[in-house]
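S.K.: Those sequence lines, one after another, are chains A and B. Just so we're aligned, residue 1 is where the first sequence starts under this note's numbering, counting upward by one. Just so we're aligned, residue 1001 is where the second sequence starts under this note's numbering, counting upward by one.
Bear in mind the hints are in silico, worked out from the structure with no lab data behind them. Quantities reported herein were computed from a predicted structural model and do not represent experimental measurements. Treat the hints with care, since some could be wrong.
[As the list claims (entries may be wrong)] In silico negatives: residues of chain A with every beta carbon more than 10 Å from chain B:
{"hint": "1", "residue": "32"}
{"hint": "2", "residue": "38"}
{"hint": "3", "residue": "51"}
{"hint": "4", "residue": "55"}
{"hint": "5", "residue": "126"}
{"hint": "6", "residue": "135"}
{"hint": "7", "residue": "136"}
{"hint": "8", "residue": "157"}
[What the hints assert, rightly or not] Examples of chain B residues toward chain A, derived with CB under 10 Å:
{"hint": "9", "residue": "1014"}
{"hint": "10", "residue": "1015"}
{"hint": "11", "residue": "1021"}
{"hint": "12", "residue": "1045"}
{"hint": "13", "residue": "1046"}
{"hint": "14", "residue": "1054"}
{"hint": "15", "residue": "1059"}
{"hint": "16", "residue": "1070"}
{"hint": "17", "residue": "1090"}
[Claimed, not checked] Output of the computed footprint for chain B on chain A, the stretches with three or more beta carbons under 8 Å from beta carbons of chain B:
{"hint": "18", "segment": "19-30"}
{"hint": "19", "segment": "68-76"}
{"hint": "20", "segment": "108-120"}
Beta carbons are placed, not taken as given, at the ideal position from N, Cα and C, and that holds for glycine.
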Amino acid sequence: MDAPVNQLEELYREMGPALLAYFRRQPALAVAAEDLLQDTFMRALQRMDRLRASVSPRAYLYGIARHVGLDALRRQRPTEAVDEQTHVAVPDTGEDARLEPLRAAIAGLPAAQRETLLLKLQHELSYEEIAEVLAIPVGTVRSRLHHAVLRLRETINPKLNSP
Amino acid sequence: MKPEDLEALLLDRALGELSPAVRELLDEYLMGNPDATRHADTLTATLQLARQAVALPPEMPQRPLEMDTLRRARQTWRWRRLKRETLRLAACAVLGLALGWYAHASRPAPVLAQTSRPEPADVRTIPAEASSGGAVAAPRFWSLAKLQAEQRSRPASASHQESHYQLQWDSPMKMPRVVEEKL
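Using the sequences provided together with the hints, build the complete structure.
M.R.: In structure tokens:
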């Protein structure tokens, strides 16, 4: 009956888990992740025309989720805010010893590089999709990712040089 | 290939952002360059580890999408949008009417066109001096001073006192005329 709402419900089934994970991975937002997910789709419904016109509905929804998350962080009291979003320790006894320094290195990246890298690694977005989510040029996405990956490579292999 | 270009391509390759054709060409290049291959492998390994480091299994949302809330919200937004558009249209109409009224009110009163035709000019021709009999005909030369003197010598009538004279000379081939315009 209400086509946009039904379309959104379909997107929720498809994208809901990934977007929920997006909020859950940010410690400051993890508790309210379910509410933020509902907010994301509420906002998406408000701008269905843009969602239809976007290059990728997935990227558009991530873009909305990002803004919903930022708004939620702004609403939180400063004492509650957790600055860094990545350094989530995974309790796994048999994990690779290099993972922990790598997590520390990711957490130590500049915020813009880290955000771009996580959209790539955790959500498998393409350069174009990340550019739409962050509202930046594709070249900037590429450059940020290249710098971040090279820095991580130096963390793992400090003695390696470029070709 | 410049090292910085190669590195950028290797990074794009490791990030899965190369088109199949470019990737194929790069793979062929790497087969003949062990150093570059080693570098590409370290980049790929780094990214694999980084993916592991930040990976968390996706979880299903506990709550389904609140469809009723969305539908209600949608109705509310529609109503608000309709109200806003109506208000905009009304504001435009009021503004248009106000501007129209202002433009009409501030326009200067129209000047009535002068419909009365001016009285026809009294055209007189200079009397030909040659017509006087007897003497040798005077040359038909004329001058402005001569015409003015002749005008002054005419008896002034009541109607002529309020007249305005104008010299009218249409062509150098014709004699000029004195035109009397009654004021």
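S.K.: Against the structure, test the hints numbered earlier, and report the numbers of the ones violated in rising order.
M.R.: 2, 5, 8, 11, 17, 19
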